[in-house]
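Asks: Based on these hints, arrange chains P and A on the given structure of chain F.
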Amino acid sequence: MISRVEIHPGRYHDSVRLMQASKALQDVEGVSDALVAMATELNLGLLGDMGFDMNAAAGAGPNDLLLAVRAEDEEIIAAAHRALDDALTHKVAPSGGLDAPAPKTVGSAAKTNGANVALLSVPGEHAFVEAKEALDSGQHVMIFSDNVPVEQEIILKNYGVEKGLLVMGPDCGTAIINGLGLGFANAMQPGPVGMVGASGTGIQQMCCLLDDAGVGVRHALGTGSHDLSEEVGALSTLQALQALDDDPSTDLIVVISKPPAAPVAARVRAAAAACSKPVVITFMGENTLEEGAGEVLATMGMSEVTYASWPVDQQDHRPGFVRGLFAGGTLRSEARFVCMPLLGEIGTKEEDPGHTFIDYGDDEYTQGRAHPMIDQTVRIDRLAEAAADTSVGVILMDVVLGYGANADPATELVPEIEKAVSAGAAVVVSLCGTKGDPQNRDAQARALQQAGASVWLSNAAASLEAARLATSRTSA
Amino acid sequence: MTVPAAEETKRLQAPVRVPGVASTAIYGAVSAAGTQATVLGTSGHAVWLLVEDKVIVVSTSDSTRLPNGVQLAAGSSSDLFRMVHHGATVEIGHGRIMLEGLAVTITRWWDPRPALAVISPAKLAEAVAGLPSAVPDIDAGSLRAALVAGSPGGILLSARSLLGKGPGLTPEGDDYLAGAFAATRLLAEALGRDRTTAMIAGVSVPLASLADARTTTFSASLIHSALRGQVAEPAGALLRAFTGRGDVALSHEALLRVGHTSGPALAAGMVMAAQSLIQSVSNGGTA
Amino acid sequence: MSDLNQLLDNDPIVATAGTDMLADSIEQQGSTVSRADWRPPFAGTETALARLAADGRMPDANATAISRMLAVRPHFADVGVARDVFPEMTDRTFLHAGPPLEWERASGPMRGAIIGAMLYEGLATDPDDAAEKAARGEIELSPCHHHGAVGPMAGVTSPSMPVAIIKDGAGDGVSYSTLNEGLGKVLRYGAFAPEVIERLKWMDRVLGPVLGSALRSRGPVDLQSLIAQALQMGDDGHNRNRAVTSLFLREIGASLVDGADAPTAQRLEVFKFIDNNDHFMLNLVMAAGKLGSDAAAGVPASSLVTVMARNGTDFGIRLSGTGDEWFSAPAPPVEGLYLGAFTEEDASPDIGDSTITETVGLGGFAMAAAPAIVGFVGGTAAGAVRRTLAMYEISLTEHPAYQIPMLEFRGTPTGIDAARVVRTGVMPQINTGVAGKVPGTGMVGAGLVEAPMDCFVQGINALAATLG
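Chains as they are written, first to last, in my numbering: chain F, 15 to 490; chain P, 18 to 304; chain A, 307 to 774.
Just chain F, same shape as in the assembly (with noise of 0.2 Å):
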C-alpha cells in the first residue's frame, strides 16, 4: 500500500464537483481510501483519522485543494491522478440537439420558460386575444401596443383584477420590476422607490431625476395612457397601488399621470390616502416631474438637489416662435404646462401658427417607422426646417436614451443642431437619461453641448429655458 497526499494551493473546486470527484478516486480499481476536499482543519482531521501522513499537509489551509489517496501501488496513484484530472476537467454538456419549432403565441412562448410576464407589441387590433390567452395560462400583461378598443382594455384589467393579475397598458412604453427595464426604461441603480404610472415618458422623467439625486428605483409599474380615463376607472393603477404598499422591499411610492378625470383622480388620491408608506402624486397639470421628485426627496428627508445640466449661452440667438420637437407625449404635455404661462398660447399641431410643440410619438407621424426614441428621421427632417425657418427662434427637443432606445441619438443629431445653431437657432435639449444607460448619458450630454445646444436634464428646467430663450429675445 501506498499512500500519497498532495497540496494544490489556491485551487477551487465547487462541492458537487469534488465529491464526484472523490466519488471517481475510490472507484479507480486498487485505490482502497481517497479524500479530495478543501484543506480546512475539519477536513485535515478527517485526513489524519482516515491514517494518512498529517506532515505531508503542513501548512495546507482552507483556499488549498487536499488530495489524499491510498492504492496498491504507483501504477494506481497515476491512475487516480487521471481520474481526478478528468473529474476537475470542465466539459462542455451537450447541447439538446432536437430543434423544436418557435412558439408562435405569448402563451406557448410562455410555456418554455415558465414565463410571469407577457410582453405584447402586436398590433393593437390583435393584442386582446394575445392578452386574454396570457392571463389565462396566469402571467401578468404589458400590452405596448396602441389601437386597442377601450371596452377590450376594460374586460382585460376586471380579468386582471378577478385573477390577481396586473394588466400594464394597452399603449404602456414603460415599466420597471425589480431592476428589469421592459420596453423604453432607464438603468436604475438600486433603491427604495416603487412607482405606478399612467405616462410611459413621464416614468422615464421621475426616473432620471430620481437616480441623479442618488435614490434608486426598484420597481415602476406602466399602466398604460387610458387608466385614469371615466371608463377605465384606474383599475390597474389602483391595483399597481396596492401591491407596492404590500412590498416589504418598496419604502415610498411615486404615481404619475397626465391629467386625470376628475372622480378617478379622487379616487386614486383616496387609495393613496389609505397607504401605509408615504405616496407621492404628479398628476400633470397640477405640477411638474422636477417639483414631483423634490416631494420624493423631501419626503426621504434630503435635501434639494440641482440636477445635472449642461448650459450654452446662447443670449444671441436670432428672435422668434418656439419650435418644440417631441418623442415623448408627456414630456411634450409638461413642457407646454410649463412654457404657457410665459409664452401664451402654444399650438400641437404643426400647422398651428406662432408657437408649436408637437408630439412625433403620436400615431399620425409614425406610420410605417419605429418610435422617434429610436427612429428619428422625421424629427431631424424637422429639425433642419426648423433651422431654415426664421420665424423660428427656439428650438426645444427631448432626447430620450435607455434600454429600447437609439443607441447613439446624439451622433445622428449633432450636424442638424450645429447647422441650426450656425443659422442663428437656440437650441435646448432635455435629455431624459441615467449614468447606467447604455448610451452613456455624460457623453451624449456633451457632444450635444458641443454642437451648441444647451442641455438639461429636467424636461422642467429645459422647457423654462426655452421660454426664457425666447422671451428675452422677443421683449428686447
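By construction, these hints were calculated from the structure, which means they are not laboratory data. Bear in mind that the values here come from a model prediction, so they are computed numbers and not experimental data. From the three backbone atoms N, C-alpha and C, an ideal C-beta is built for every residue, glycine too. Keep in mind that a hint or two might mislead.
[To be verified] What the simulated footprint calls covered on chain F by chain A, stretch by stretch (three residues with Cβ under 8 Å from a Cβ of chain A suffice, anywhere in the stretch; the number is not a length):
| no. | stretch |
| --- | --- |
| 1 | 45 to 55 |
| 2 | 122 to 130 |
| 3 | 165 to 173 |
| 4 | 178 to 184 |
Replies: Just chains P and A, lined up with the frame of chain F:
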C-alpha cells in the same frame, strides 16, 4: 506553429461582451474606480475572484444567485468561462468586470437581503412546521441551545465546531451556520425581537474573524454576508415564504436543489434558527 | 399569496410577442426572454377570435371537452353485422367516409367502393349497372360519422359487412368500424374486381363470426393499452400499425385457438389473415378514436376539433361547440410516395375517416414515434420529430397514455384547438394513404396532407356565432 499577424491577434483578443446582474452587496466594489482582482478558480458555472480580501463570484444563469455574486444571462452550456484562467489578474470597477477575454457589464442589481413583512411567532411556527432542522453530518444541538438562550459565547463555541466541516468550497457546516445566522438576523427583525437583533449584531465581528481563520475565503465571504442578512436568492425566497409571501413547500424544495449539500444545510440552519427564535419567545423572553 | 406579490418579489421572467426590439433590450439587461414567432390570425377570423376571448368560456369549455375525450377506455368487445348494429340502416343504405356526399360529386375511389359494395350486396349485376342505379338514386348515402362509426379511405359500409364494436370501459359510449381488408386491391381504395368481392364475402362468412366468437370467449381487448405500447414500438396509429396488429394477435391468439366456435381451418385462416395484414388494427385504432371524439362532442363554446374526415371530394371538420354542423372545403391533394409506376397524376384527392387518429393525438401528431415511416416526411427522423413538435402548438394537451420515447416519453399532442389553428396558421399534419382516382384502381401511394384552413375559418366563425 505560425505567429498570427498583428491585426489577427487584435481580433482574436477582442473581448466577448456580456451583461450581468449583480448583488447590491457588491455595489461598492463593482461601481468604484477600477481595481485588480485574482482568479481563484473556475468551473463551467462560475469564476471566483479575490478582490482585496473578499471573494466575488461570477456565475452562469443556471447557477444560484449568491449574495457576493454577479450572474450572467448565459448558461453554462455556452462555456464562456473557458477563456478565464486560474491565477490570472483581472480588472473590476466602473460597473464592469474584465475577465481576460470576457467583459461583464453590470446592467442591473438585485438585493440579497430579503425585505420581510412583520410576522407573529405563531404564524412563523405554522410556516416552519414539519420542515427538517437537521442534516445528517451536522450536530447542531449546542448551536440551537445557544440561540435559544441568546448566548454569544455559546454561539461562538458551537460555530467553532462546525466551520469548515465537509467537502467543497462551502463546507456543509458553513452552509448550516450561514442559514442559521441569516435567518436569526432577518426573522428577529420581522418578529420585533430587538434583543436578538442586538445580540447577533454584537457577535458578528468575532464570528466573521472565526470564519476567516477556519474555512475557505469564499465560504467565509458567504458567512459575512449571512451575518448581514444577505443570502442566496432561493434562501431569501424561503425566508419571505416564512413570512407569508410565497409558498413555503415550493421555496423549500427549490432551496434543497441548490448545490450538493449547500441547499439542504442552508435550509436546515434557517429552520433551526426560526424554531430557536420561537422557543426563546415562548420561554418568556420579551423584546 | 397573490401573483402580484410574486411579481414584485422576484426577477420577472418574460415572454414576448411582437417586435424583437423589446426582447433584445431584455437580453441586453442580462435577462433571458422567450420570443413568440407571432403572426396575425388567418384573415376573416379576427372578430370571431376577439368575441371568443371576450366571452371567456372557451378555455374551460376546452378543458371539459378534452377531459371527456381522454376519459374513455376503448375496449374491442365484439363483431356484429352492419344491418344489426346500425338501427337506421336499410338494405339500400351505404355508409361512407367524410362529410355528406352525393353520387354526382363523388370521387373515383368513392364511386368504385360504392360499386363494389353494391356488387357485394347483390344489388347490381355488373359495375355499369351499379353506377347507373347509384346515379338514379336507388341507394342512400350517409356518412359513417352520423352513425358513431368510422371507415378508412372510402369507408363504405354496407348492410352485410361485419362491424367491429368498441365499447367504453369507463362509460356507455359505443363506436364502430368495418374490419380491415388488407392492402393492394381493396374496396376501401375503390377496387371492385372479383377477388375484392370474394374477400368481402369471406370476411362476413368467416372473419366476422370467428373473431366475434373469440372475443366473446376472451372478453374485451383494451385498445388504449395496445396503442400506447405500439407507439413505443414504432407505430403512429395511422400509417403504421404493424406493432399494434402484432400485439393484438398475441392478445387474441389463445382465444382463436381455444375459444372460437369454428372449424380449425377457419380459425387458421383468420389467424393468417390478421398476421398477413399490417394494417388490420387501423380500423380499430380509428374506432377507439371515434369513441373519444364522440365523448368530447357537444360542449358549448369549445373549439376542440372532434372530427376531421374526407370523402375524396370534401374535407370536413366538426367542433365540439358547434354540434353536428360540418365545415367543409375541397379535399387537398396528398404529397407522397407512389407505388410502382403510379404518380401523383393517378392520385385522388384526400379521402377517409382515418384522420380521426390525428384528432386524438395519433397519426401525423405521433409521427416522432414512427421512424420506420419517415419516408413520408422527407426521409429523416429529425423531420418526423419536428412535425410532432409543431403539433403541440395547436393541441390542448399531451396524451397521458400515448407517449413518444424519442421525446423523453412526452405525451403526444392531443386535442386540436381550432382557435389555435387559425391564430397560428399551424395546420394539422395528417399521414394518409392515397387512392387511385380512376374507379377500381385501389391504393397508389401514401403520404402527407394538411387540413385546409378554410374549414377552420368557417368553424371558428360559427363557434363565435353560437355565443349569443
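Asks: Against each hint, give a clear statement of whether it holds in the structure.
Replies: Hint-by-hint comparison with the structure:
By the rule of at least three residues with a Cβ nearer than 8 Å to a Cβ of chain A, the coverage given for the stretch 45 to 55 of chain F is violated, with 0 such residues. Counting residues of the stretch 122 to 130 of chain F whose C-beta lies closer than 8 Å to any C-beta of chain A gives 8; at least three are required, and the coverage claim holds. Three residues within the 8 Å Cβ limit are the bar, and the stretch 165 to 173 of chain F against chain A gives 3, so the coverage statement holds. Against chain A, the stretch 178 to 184 of chain F contributes 3 residues with a C-beta closer than 8 Å to a partner C-beta. That satisfies the three-residue criterion, and the hint holds.
Consistency note: the structure conflicts with earlier hint 1 alone.
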